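S.K.: Work out the full structure: start from the sequences and follow the hints.
Heads up: the sequence shown is residues -23 to -1, 1 to 1047, going by mature numbering (1 follows the signal peptide of the UniProt record, and there is no 0).
Read the hints as simulated data drawn from the structure, not as lab findings. These numbers come from a predicted model, not from an experiment. We treat Cβ as the ideally placed atom computed from N, Cα and C, and that holds for glycine. Heads up, a few of these hints could be off.
With a straight-line Cα cutoff of 27 Å, these simulated BS3-like cross-link-like pairs (lysine-lysine) come out [as the list claims (entries may be wrong)]:
| hint | residue 1 | residue 2 |
| --- | --- | --- |
| 1 | Lys478 | Lys467 |
| 2 | Lys683 | Lys476 |
| 3 | Lys303 | Lys316 |
| 4 | Lys851 | Lys771 |
| 5 | Lys53 | Lys160 |
| 6 | Lys653 | Lys476 |
| 7 | Lys467 | Lys435 |
| 8 | Lys53 | Lys21 |
| 9 | Lys59 | Lys21 |
| 10 | Lys532 | Lys549 |
| 11 | Lys256 | Lys374 |
| 12 | Lys53 | Lys166 |
| 13 | Lys653 | Lys435 |
| 14 | Lys435 | Lys464 |
| 15 | Lys163 | Lys374 |
| 16 | Lys432 | Lys316 |
| 17 | Lys432 | Lys653 |
| 18 | Lys431 | Lys464 |
The following label-pair restraints were derived from C-beta to C-beta distances [stated by the list, open to error]:
| hint | residue 1 | residue 2 | range |
| --- | --- | --- | --- |
| 19 | Gly370 | Glu652 | 45 to 51 Å |
| 20 | Lys532 | Gly590 | 47 to 53 Å |
| 21 | Ser580 | Ala873 | 40 to 46 Å |
| 22 | Lys532 | Gly654 | 30 to 36 Å |
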Amino acid sequence: MKPKTEFTKILLCILCIISAVNSNLPRGKTTIIDALSSDTRFSKFLQYIQRLQLVIPFNKLRNVTVLAPTNDAIEKYERNLKLHNKNIAIDSKLLHKNPTSKTSQVRNSNYFQIEPNGPIYHGMDQETLLLHVIRDGSYGSGSWVDGMVWESNSGWRPAENNTKSDGEADEKPERQGIMLKSKIDKNGKIMIGNIEVEDGEIWCFSGVVQALGGVLRKPPPLLDLLNNNFDGKKIYNNLRLNRKKKLNNYASIEENAITDYSYFINGVSAAGWYDNILKKYSQQQEITLKTETSSKSRHTLWVPTNNYFIQNYEYPKWNYLVLGQKLAANNTIKEIVLKDVRNVMRNFVSPTSISVARLGQGKHTIPIINDDGESGLNNVTLDISSSGTIFNGFSVKSTDWIANDGIAHIIDSNSVSPAQLEWTPRKMLMGLNATLFLTLIDDHGLSEYVDGSKKDEKWTFFVPTNTALEQVFESVKVFESNSPKFKEVKNWLLYHIVKGKFEKEDIFDGQLLRSEYNSSRLGNRQQIIKARVFSRTSEPLSFSNNSTVHNNADKPWYTFSDAPLELDVPVKVEDYANIYVLSAPMSPPESILVSLIQNLDYSLFIGVMGASGLTTQIQNMNSISVLIPKNEAFQKLGLSYSYLTLANNPSAKKDLSSLVGAHVCTEIIYSDSFEKGCQNCTIESIGDNKTIRANTVNNTPVWFQKTSSGELIVSVTNPNPDTKNTKQIEIDKAKNTGYGSLDKSTSILHKDIAFSSGVIHMLSDSLLLPNNLIFSPRKLLSGMNSFAFTFLLKNLNLTYVLDPISSETNETNPVVGYSFLVPPDYAWNNLNAYREFYRRVNEPENSIYSGMNLVTKSKFFLEKDKSENPWRNKTTEELQDFLLRSVKLHILPIRADGQLKKVKPSNKKERLSLSDKDGFDYVANSVGFETLLDGVSLKKITLNSGRTIFSIGRNSLFPNPSYPIPPTDSPRNYDGYGIVLRSGSLFSFYGNGHNGVLSHKNGAEDKYMMHELDIVLIAPGNEEKVVSGIANYAWYVLLVFIGLGLFGGYMGLITLWIHTLRTHSGYEEI
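M.R.: Laid out in structure tokens, this is it:
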């Protein structure tokens, strides 16, 4: 009996305890249904419970708080329902009258199976009604806390451990119910879900019933919170309006672009979590008809605003993250993009409803989602304190925004991203939508440049936009790897890649960047890219792709190999690369001919190069520098240019080849070679200046110098001779290269113009003259095609003046050379004496005049000369004497002292007499010249306009306003002056070693010159003999007219006299 006695004692104790507990509860109110039934205010709520088949589940509830809407609240709900939804049935309807469900293995008093298509009564489903049940415990009116979050029974599911058909365990974690948030205003009024809790709570054994002044509605989904910028009033207004109509499918991401959280939505979508996290609770059906049946977990969003993403991810990075999978060329790259965007976005999503208020102060470990968007194996820290909340390093600005599919918290936009991604050029190029460039890179085996393999080195990429590339490549197709086209495209791509990271602010005008295109034509050296920086005052610049870049008034603009920038700033790839986006592709330099024809001011060099026969040789040469003279420089050669360009003249072609060769160096010299060095040249530094010595194709040296001001100078002499290097000095002197003078140099006007096998430098207006180039009188005469002057020199025994001067002489001031004044053939052919002399030398007495090198106009005179030429009856000695004096007058001996007397106009009268018809061409100065004709000198007069005149004396008839200078094709009569038409220097012929440069400073100042005059100067004493047959004929005609005039006048006087007599006779008769 003892055991029985002990059992009885234990049972009695339990009963006492139960009695003590039940003594505080209203007697007879055991279940929630009992509590509701005890108060008539909840009769309508009980009716809803019955119609929705929730009586039994409610009877099973334990330790809960039921927020029961009063009858007034439900009536108000029904009125609003009828007002906004006229088609909603009033009577209870079961969509499935005999619903079937699987029997759960879970046994829990607060859980019951909700059917997917369960009953609906007055627009309310089971889950909406269960929203009024707080499963956290029994709380009286004094238990509510402002800002506290409570878990309801709506949507709650316990964890399940089932077994699949294949025997594997099917574990499902607990699914939280929809959360509710309590608020207490300043008057102490308690609000749950924005509805007031009224007085009159009812306690029972299963919990407590609180009276509610309204019907709870499900919170909006997370997506609505984001789309409405967490504006609570706007959210619930939209929720109410959406009940009026059936909603369409969820709008596209682009349609949410105007919200403050659209970046977050786009990121979640790009991560592949949109359906799991946002879309599953979006309003695709009428909200009041939606039954929550999903077994997927709820989520907590730690939401940053758009500004956070803008600050932490510049637009190429963000474009890559959200659009990269669409732009990826293959699945491997897609997987990389997906991994990156998930690494970024997982930091903002937790796989359960996490309330800051429910957790309370302290440090908590919080899960973040994995790739499936559901489970959470990675944990981060949530630090809650009185001073604020920090989640995974993010400062939380606003907490506990309740949604029917979770909770959202708003992160401060100034937070720093915890995601550490490896950024590569490929990722940035994808974000820039440079997909065509990337496709070409991959197809031509250059992926290592963009996939991060070369991140240990610095790089700069120049990337044309897709639009620009589409204009170059009609279709991006892959060529055979051994085909020329494949190599051409590959080299084109390498030309857009530069080793070294160049910042925009460090780029200066004319800077040369070395591309990765190592051309065999450059000796496998890197082809250059030339940067140009145009100031705000620059004019618009047109490019070869027909685009025009206009000046920005606020800042300079940049081009690279003539390709303008599309984006104003470079896109950075971590700390090792920059990407410049171009609006046009850069074209690798083409051949020298193509590069030259782009500037017409230098086009003459192409013709000279062709005439010299060096075009093919220069085109085939590798690693060369070509110095291009301006067209005006060749024109300064004057008569020398006429000689050099003679056709079918071996001597002229050889000299022209020497001249062209002096402008071609066998080494590439860039403007920055002074700092970067060069392969086959010598760099010297003296003071602040640096000098580079290189060789030309003539095997002669040429010097490049860069001054402290940055000016680039070229010379055939050493501007900085090394006085210690006596051997080199002797070599230079032996080659007559000059020695140490910047005056013997010319500046480079346009530098670093790249072509396929070298570089071009364009000189200002000067020529480089090779040391072995000699312009003799015979050469210049042949260039003039001067038959008459050469004929006279030969037949008057004056050819010695065409030969070099012998240095052996006893004279104190010997003749060391000559200058020549050469009238053209037509001027000699107008001279009677020359025509007669030519006839006697070349023609027998009775021969026919033919085959003479005379101008067409002279043939008429020759045919008449037999009878009309006044020299016809003169002796040969008289002819020779006359012509010898005339020719000697045109030859100017230059003596050793080289002193030429300069004469200024003595008075205003003389200045006016020497002025041109325009009244401004006054004489600048005149110089006296000795001639071969004894006792006769000439004056070389230079007018301010630049015209040059040779005059016999002061009393000669100079051009004045009443007698203008005639054009060259209209020969003047034989006056006392001759106008210089063209000139040429007799370089080096008389030992006058030139300084190697022909420029505007010294081009016409050499003392040994050949000038082409417009007429033949007549020696003093020969004037009376200079009367041509046509002149005589003219005089005869004039005399006849004068005689006829005098006779007519005489007859007129007689007639007048007779008429006068007859008149007087008449007067007398009257």
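S.K.: Hints first: check each against the structure and report whether it holds.
M.R.: To see whether the hints hold, each was checked on the structure:
1. Lys478 <-> Lys467: At roughly 22 Å apart (the allowed maximum being 27 Å), lysine 467 and lysine 478 satisfy the hint.
2. Lys683 <-> Lys476: With a Cα-Cα distance of about 26 Å, the restraint between lysine 683 and lysine 476 holds, given a limit of 27 Å.
3. Lys303 <-> Lys316: holds (14 Å)
4. Lys851 <-> Lys771: holds (21 Å)
5. Lys53 <-> Lys160: holds (23 Å)
6. Lys653 <-> Lys476: holds (15 Å)
7. Lys467 <-> Lys435: Satisfied, since the Cα-Cα distance of roughly 21 Å is no more than 27 Å.
8. Lys53 <-> Lys21: holds (12 Å)
9. Lys59 <-> Lys21: holds (17 Å)
10. Lys532 <-> Lys549: Given pair lysine 532, lysine 549 holds - Cα atoms ~21 Å apart, limit 27 Å.
11. Lys256 <-> Lys374: Satisfied, since the Cα-Cα distance of roughly 25 Å is no more than 27 Å.
12. Lys53 <-> Lys166: holds (21 Å)
13. Lys653 <-> Lys435: holds (18 Å)
14. Lys435 <-> Lys464: holds (25 Å)
15. Lys163 <-> Lys374: Between lysine 163 and lysine 374 the Cα gap is close to 23 Å, so the pair holds against 27 Å.
16. Lys432 <-> Lys316: holds (21 Å)
17. Lys432 <-> Lys653: Holds, because 24 Å separates the two Cα atoms, which is no more than 27 Å.
18. Lys431 <-> Lys464: Since the Cα atoms of lysine 431 and lysine 464 sit roughly 22 Å apart, the hinted pair holds (cutoff 27 Å).
19. Gly370 <-> Glu652: 45 to 51 Å: holds (47 Å)
20. Lys532 <-> Gly590: 47 to 53 Å: Hint holds: Cβ distance 50 Å, inside 47 to 53 Å.
21. Ser580 <-> Ala873: 40 to 46 Å: Given a distance of about 43 Å, which is inside 40 to 46 Å, the answer is holds.
22. Lys532 <-> Gly654: 30 to 36 Å: Given range 30 to 36 Å: holds, Cβ gap about 34 Å.
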